[in-house]
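If you read the sequences in order, they're chains A and B. For the first sequence, counting from 1, position 203 maps to 920 in the numbering used here; every step adds exactly one. For the second sequence, counting from 1, position 37 maps to 637 in the numbering used here; every step adds exactly one.
Quick caveat, the hints were computed from the structure, so don't treat them as lab data. Relax, there's no trap hidden among the hints.
For the chain B half of the interface with chain A, some residues (derived, Cβ under 8 Å), not all of them:
hint, residue
1, F718
2, V849
3, W923
4, T965
5, D969
For clarity, every value in this text was computed on a predicted model and none was experimentally measured. All C-beta atoms in this analysis are idealised placements derived from N, C-alpha and C, irrespective of residue type, glycine included.
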Amino acid sequence: MPNSRRMAVLPLALSLLVPRAAVAQDPRLERRLDSATFRAVSAVIDSADRLGLPVEAMVQRALEGTAKHASSAQIVAAVRRLGQDLGAARDALGAASSQAEIVAAASALRGGVRVTDLTRLRQRRTQDLTVALATLADLVTTGVPPDSAAAAVIALAASARDDQIADFRRAVERDIALGAPPAAATAVRVDATLRQTAGITSKRP
Amino acid sequence: MGRSPRPAAWVVTAVVACSAAAPCPLAAQTGATMDFGFMNVRYDGFLPSSGASISPEFRLDRSHLLASARGTYLRFESGRHSVQVNFAGSLLSGPWRGLRGELAGHAGVSQYEDFASFSHLLATPRVHLLGARLGTWIGSTAGTTWLGGASRPVAAAEAGVWMRRVGITWLISAVNTHVGDTVYTDFQGASHFRRGRFTFDGSLGVRAWSRGGGHGVYGEASGGAVLNPWLSVIVSGGRYPTDPTRGSVSGRYLGVSLRMSPLLHRTSLTVPVRPTVVAHHSAPPDPSAASLELRSCNCVGVTLAIHAPGAGQVEVAGDFSNWEPVVLSRADSGVWTVDLPLSRGTYRFNVRIDGGAWLVPAGVTGLRDEFGGAVGLLRVP
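Bound conformation, chain A alone:
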């Protein structure tokens, strides 16, 4: 983990490690987790909630774990990791970020994108980042190297509209499905999208 990301995560990680009285008494969790797991997960979620993080994703992660008959330790660890990712994402994007932005950024971080790339993305784009961040997360999950994916989305961030970024993602995924190397597909498609945003219609190989 890069130092910058480690520093950003540290305060939240400490807060998540410290048990607190569980105030997040989510009935879904209470009904489906055993009492010990419920208390531990609720404490983590409560800490995240106090920090203003979007906790619904953490609830869903705990429910996913119990649906898959994961151990208590696995569930608590998964929820805690997600909380740390959400905290790092919020720190990178800024306190004014929306919950959807933070959740998408956390997915990107889990995929290997660097905190500094999220910060650069925020600096490059004044509009809502949800689509750009979701695209970034999707690209890394489809096999595009995180550095390439981040470079592409950051390049698009300044000038491309959300619909153009979504089209870019679809084009890359289609190319990959048709056999194109993920990095090559990303590079070619980002070039084409940038040309489109610049009013240049040519997208030649």
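Given the coordinates of chain A, work out where chain B should sit on it, guided by the hints.
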């Protein structure tokens, strides 16, 4: 990307061209050629682009051994380039009661700019039933394709029939190909005609039952003329399908090339062994795996359709259901559906067949979950 368009290369395996009853006309062709080409190509999803190519080739054709090595350097008008190198070879058994065995091998690498390269290594045993004017064959392919350091298994099964009528050789083939989780079937017809110094090759194919390999009709044609013993000209064009093994994206092209044959006794317009009729495949899919399709519905949300033939019960669970299993309804043959009130976004989910393990259906991006398994990402556009 990076596939250089080539003349319609219907050329069957040499065995098909050489019947058991007649001497193989290719047996005398040994030597080297150099093609200088200019073409306009339009890869699917891209604007047309012109390009120039140079393709050296070495061939060794004997009655029991066929081998070729071909390289292509293609430079687009944008200044970008691609490089391909391919090797092909076939060992042929002697005819026995009209049968002939063949063991073919193919290896190659292609690279577009400095991106990760594709490479492949394939082996194809075939059995030919040969007559003077009619023949048939069956075969299979096994091998591996690599993208950078990541490999995918390739497997294929093929069958075909060829015949000679009124001086034209006709061929029909069917090839089912698996490359990793990409699956498709090509049905192709091809013809080959040679009269004096002129040669014509044409092919028409359909790709069907495809998952990840594209669909549709494609075809290529080329005509060539021998200008003198060491120089010929070839005009070619058409549409070709995606080749996941070699990493080429489907596209259309029109090109002209000059073929120099300084080391040949005579120029050959026959495009070297291209296992067009061969499929390159990967391992068969896990029979327990289901495939998923999102359909629009007359509801608020989407219809989730899961193809799981043989299943007695299909369930889905995800962020959209608080990870409570939702039982799907059996629709038509092997398809199970459920309407879900999902808005645009990405959801984590899994599918379960007959109460088994939670799995990620084919056609869906999967991630390692944090519970020792995998989770799928369902994207609702």
